[in-house]
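Trainee: What follows is each chain in one-letter form.
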Amino acid sequence: MSMTQPTKPVNDAGARLLSGARWRWYEVLFWVAAIALFFVFGDFIPGIPTRLMLLSEIISLGLLALSIDLVLGYAGIVTLGQGAFFGLGAYVAGLMAKNGMGAFPLSDPLLGLLAAAAVSGAAGFVTSFLVLRGSDLTRLMVTLGVALILAELANQMRWLTGGADGLQGVMSSPILGIWDFDLWGHTAYVYSLVVLFVCFWLSRRIVHSTFGLSLKAIKGNALRARAIGVPVNARLVAIYTLAAAIAGIAGALLAQTTQSASPDMIAFHRSADALLILVFGGAGYLYGGLIGAVLFRVMQDVIGNITLQYWQFWLGLVLVLLVLFVRGGVIGLMEGWWNRLTRKGDAP
Amino acid sequence: MLTILFDGVAYGMLLFVLAIGLCVTLGLMNFINLAHGAFAMAGGYLTIVMMNRYGISFYWGLPAAFVFSAILGAVLERTLYVHLYTKSHLDQVLFSIGLVFMATAVVDYFMGANQQTINLPPALEGRVNFLGASIGVYRIFTIVLCGLLTIGLQFVLAKTRFGSRLRAAVDDGRVARGMGIDVTKIFALTFAVGSGLAGLGGALSTGIISMDPTFPLKYMIYFLIVISVGGTTTITGPFFASLLLGVADVAGKYYAPAVGGFIIYTIMVAVLILRPQGLFTKASR
Numbered sequence: 000m001s002m003t004q005p006t007k008p009v010n011d012a013g014a015r016l017l018s019g020a021r022w023r024w025y026e027v028l029f030w031v032a033a034i035a036l037f038f039v040f041g042d043f044i045p046g047i048p049t050r051l052m053l054l055s056e057i058i059s060l061g062l063l064a065l066s067i068d069l070v071l072g073y074a075g076i077v078t079l080g081q082g083a084f085f086g087l088g089a090y091v092a093g094l095m096a097k098n099g100m101g102a103f104p105l106s107d108p109l110l111g112l113l114a115a116a117a118v119s120g121a122a123g124f125v126t127s128f129l130v131l132r133g134s135d136l137t138r139l140m141v142t143l144g145v146a147l148i149l150a151e152l153a154n155q156m157r158w159l160t161g162g163a164d165g166l167q168g169v170m171s172s173p174i175l176g177i178w179d180f181d182l183w184g185h186t187a188y189v190y191s192l193v194v195l196f197v198c199f200w201l202s203r204r205i206v207h208s209t210f211g212l213s214l215k216a217i218k219g220n221a222l223r224a225r226a227i228g229v230p231v232n233a234r235l236v237a238i239y240t241l242a243a244a245i246a247g248i249a250g251a252l253l254a255q256t257t258q259s260a261s262p263d264m265i266a267f268h269r270s271a272d273a274l275l276i277l278v279f280g281g282a283g284y285l286y287g288g289l290i291g292a293v294l295f296r297v298m299q300d301v302i303g304n305i306t307l308q309y310w311q312f313w314l315g316l317v318l319v320l321l322v323l324f325v326r327g328g329v330i331g332l333m334e335g336w337w338n339r340l341t342r343k344g345d346a347p
Numbered sequence: 000m001l002t003i004l005f006d007g008v009a010y011g012m013l014l015f016v017l018a019i020g021l022c023v024t025l026g027l028m029n030f031i032n033l034a035h036g037a038f039a040m041a042g043g044y045l046t047i048v049m050m051n052r053y054g055i056s057f058y059w060g061l062p063a064a065f066v067f068s069a070i071l072g073a074v075l076e077r078t079l080y081v082h083l084y085t086k087s088h089l090d091q092v093l094f095s096i097g098l099v100f101m102a103t104a105v106v107d108y109f110m111g112a113n114q115q116t117i118n119l120p121p122a123l124e125g126r127v128n129f130l131g132a133s134i135g136v137y138r139i140f141t142i143v144l145c146g147l148l149t150i151g152l153q154f155v156l157a158k159t160r161f162g163s164r165l166r167a168a169v170d171d172g173r174v175a176r177g178m179g180i181d182v183t184k185i186f187a188l189t190f191a192v193g194s195g196l197a198g199l200g201g202a203l204s205t206g207i208i209s210m211d212p213t214f215p216l217k218y219m220i221y222f223l224i225v226i227s228v229g230g231t232t233t234i235t236g237p238f239f240a241s242l243l244l245g246v247a248d249v250a251g252k253y254y255a256p257a258v259g260g261f262i263i264y265t266i267m268v269a270v271l272i273l274r275p276q277g278l279f280t281k282a283s284r
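So the sequences go chain by chain: A and B.
With numbering that gives the first Met the number 0 applied, the first sequence covers 0 to 347.
With numbering that gives the first Met the number 0 applied, the second sequence covers 0 to 284.
Bound conformation, chain A alone (with noise of 0.2 Å):
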């Protein structure tokens, strides 16, 4: 990646930025798996039980820990509340589901997604503000302490969210009048997925843009990256915002599948695990988190069946080893793997 040609740096830019946003052969790997494991635990092979409200979840999980890649592994902000919208959409469609009745407008998934959007964005706008100041750790205790005034909310105002029990009964009209979710989860798997690739795709678009280099020069220096004219705090406003809306997409799809909403959602070991699941992944590939997601989850599930409660050990475990010995995530890992069997290892 050196500057062999000088001569030419707006080509070399533009050129970098248009072979980045090319689809690689193994992130169609990675779609086309996705849609196989509908097939593989869809219910339609004997002997492999269904497992695709498990694999929604994953999903929900996984847009989560996605949209704090944008955050974190593009724009260098370390939040411990992404969860506030995950549960802020949660809650919106939750609501709007189980005022409606399962009739058309309240209803509709697809309304009560972008409703869950748009509130969690506007509460991530409004709260952009307090990131944008101070350090590491002001940003880390600011985000935290905007979810947990959140998550108290939702538990003290029982006449609207149920409190602690949550909101029970959440029923969503069919999708786009024509699919109803099912009990095995074979709408709700492929209308996550769906709604999981729009969302990837949007964000993909955005960090292969010129938005998504300044992002990324912010993270390497603010300083310098004010200097060269990139309008620091406007850049940071809004990728906060787009990732507190799609985090409510995510707590939306995860409300809408599980047809509840629990303070559960929105509490801090959401925001924590959807962090420790980016970081398992690999931060600032954007697969990070869904790959993580999955790990994460069949972690749980494997060590869950031997022991029970005792899984948060070994999750703590492995995040220790994690820290000291590995940098950047399992696909930081794989990365290195690749390089030196194929010999690309760039020595500078």
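No wet-lab data here; the hints were simulated from the structure.
Some hints could be false.
[Claimed, not checked] Calculated lysine-lysine pairs in the BS3-like style (CA-CA distance at most 25 Å, straight line):
no., chain 1, residue 1, chain 2, residue 2
1, B, K158, A, K215
2, B, K158, B, K184
3, B, K184, B, K86
4, B, K86, A, K218
5, B, K217, B, K252
[What the hints assert, rightly or not] Computed from the model, here is a short list of chain A residues facing chain B with C-beta under 7 Å:
no., residue
6, V77
7, L109
8, L129
9, L136
10, G144
11, L147
12, I148
13, E151
14, S259
15, V278
16, Y309
17, Q311
18, G315
[Stated by the list, open to error] Estimated spans, in silico, between C-beta atoms of each pair:
no., chain 1, residue 1, chain 2, residue 2, range
19, A, G303, B, V155, 43 to 49 Å
20, A, M298, B, L123, 43 to 49 Å
21, B, T85, A, N304, 48 to 54 Å
22, A, L222, B, T85, 39 to 45 Å
23, B, T183, A, W183, 57 to 63 Å
24, A, P173, B, L273, 45 to 51 Å
25, A, L316, B, I139, 38 to 44 Å
26, B, T78, A, I177, 58 to 64 Å
27, A, R15, B, F109, 53 to 59 Å
28, B, L273, A, L28, 48 to 54 Å
29, B, L144, A, M298, 41 to 47 Å
30, A, L222, B, Y53, 57 to 63 Å
31, A, L316, B, N118, 32 to 38 Å
32, B, Y108, A, M298, 15 to 21 Å
Everything numeric in this text was worked out from a predicted model, so none of it was measured.
The C-beta atom is built at its ideal place from N, Cα and C for all residues, glycine as well.
Fit chain B to the supplied structure of chain A, relying on the hints for placement.
Mentor: Okay, now just chain B, sitting in the frame of chain A:
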């Protein structure tokens, strides 16, 4: 009214002893250690085990908790934390959250998930009348003990050679190193003492708030509030911040239980926005 104030002050003093180690290590190494509460939990559970299983006196439990947590802190600092000082804040956060998760699960495994309490020695039980208010003897004990500790800490920081070296290291680690001060050694020692104090605070808190494996996560936010309000450059800042928080929390839970937690978080966010360097620090660097 006076009872609430008194309880709040006792609680605040306790928070101060719990959090002071974190304040100093954060100021010294700019290291975000979210696992600080785990050391407090270690001290608390050690006291519980000593008293409930082996029938050892509470008064032995306190110093034992201090020593145990201090050694634990020193060992972990030398083996694990030392690798993280140069890493990013995100790595530090994740690492310490990982430690919290492990500590929680380990305690859960050995001690069970239910809340644990102790029976205080008879001399510390009961209540006395003071200016017409009924005040628990244990609260007075806590205030006196924590007060003595605070005075001791202030003395060490202000009057001793170690204290001045520590303050120099906090102010500017690189220059302090250049002057021949062994910052690494000072940091290790401070970390151990801070962990020990947390352990002592944990042991003390078994008499006021019960212990359960979620303690580190539950109190993490309180520690962070103390730091954000009090700043990390002095110990008087965190001290007043702890008192404020303690009184506000107890009063909030008493007068307005529905919105108590709400108010505290709001205050924290407000302080962070208006004065990111802390409420009691003189000037920003």
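Trainee: Does each hint hold? Answer for all of them.
Mentor: Here is what the structure says about each hint:
1. K158/B - K215/A: 48 Å, violated
2. K158/B - K184/B: Measuring from Cα to Cα gives roughly 19 Å; hence the hint holds.
3. K184/B - K86/B: OK: K184/B and K86/B at ~19 Å, within 25 Å.
4. K86/B - K218/A: 16 Å, holds
5. K217/B - K252/B: Satisfied, since the Cα-Cα distance of roughly 16 Å is no more than 25 Å.
6. V77: With Cβ-Cβ at 5 Å, under 7 Å, it holds.
7. L109: Status violated, d = 34 Å.
8. L129: 6 Å, holds
9. L136: Since chain B brings a Cβ to about 6 Å from L136/A, closer than 7 Å, the hint holds.
10. G144: Status holds, d = 4 Å.
11. L147: Holds, because the Cβ-Cβ distance from L147/A to chain B comes to roughly 5 Å (cut-off 7 Å).
12. I148: 5 Å, holds
13. E151: Check passed: Cβ of E151/A comes within 5 Å of chain B, closer than 7 Å.
14. S259: 24 Å, violated
15. V278: With a closest approach of 6 Å, the V278/A hint holds.
16. Y309: Constraint on Y309/A satisfied, holds at 5 Å.
17. Q311: Interface hint status for Q311/A: holds (4 Å vs cutoff 7 Å).
18. G315: Holds - the Cβ of G315/A comes within 7 Å of chain B, reaching about 3 Å at its closest.
19. G303/A - V155/B: 43 to 49 Å: 47 Å, holds
20. M298/A - L123/B: 43 to 49 Å: Since the Cβ atoms of M298/A and L123/B sit about 46 Å apart, the hinted range of 43 to 49 Å holds.
21. T85/B - N304/A: 48 to 54 Å: 39 Å, violated
22. L222/A - T85/B: 39 to 45 Å: 21 Å, violated
23. T183/B - W183/A: 57 to 63 Å: 59 Å, holds
24. P173/A - L273/B: 45 to 51 Å: 50 Å Cβ-Cβ, so the 45 to 51 Å window holds.
25. L316/A - I139/B: 38 to 44 Å: The hinted range 38 to 44 Å holds for L316/A and I139/B, with Cβ atoms some 43 Å apart.
26. T78/B - I177/A: 58 to 64 Å: With Cβ atoms ~60 Å apart, the hint holds.
27. R15/A - F109/B: 53 to 59 Å: 55 Å, holds
28. L273/B - L28/A: 48 to 54 Å: 51 Å, holds
29. L144/B - M298/A: 41 to 47 Å: About 44 Å separates the Cβ atoms of L144/B and M298/A, which means 41 to 47 Å holds.
30. L222/A - Y53/B: 57 to 63 Å: 58 Å, holds
31. L316/A - N118/B: 32 to 38 Å: Holds - the Cβ-Cβ distance for L316/A and N118/B, about 35 Å, lies within 32 to 38 Å.
32. Y108/B - M298/A: 15 to 21 Å: Because 18 Å falls inside the window, the suggested range holds.
Of the hints listed earlier, those the structure fails to meet are numbers 1, 7, 14, 21, 22, in rising order.
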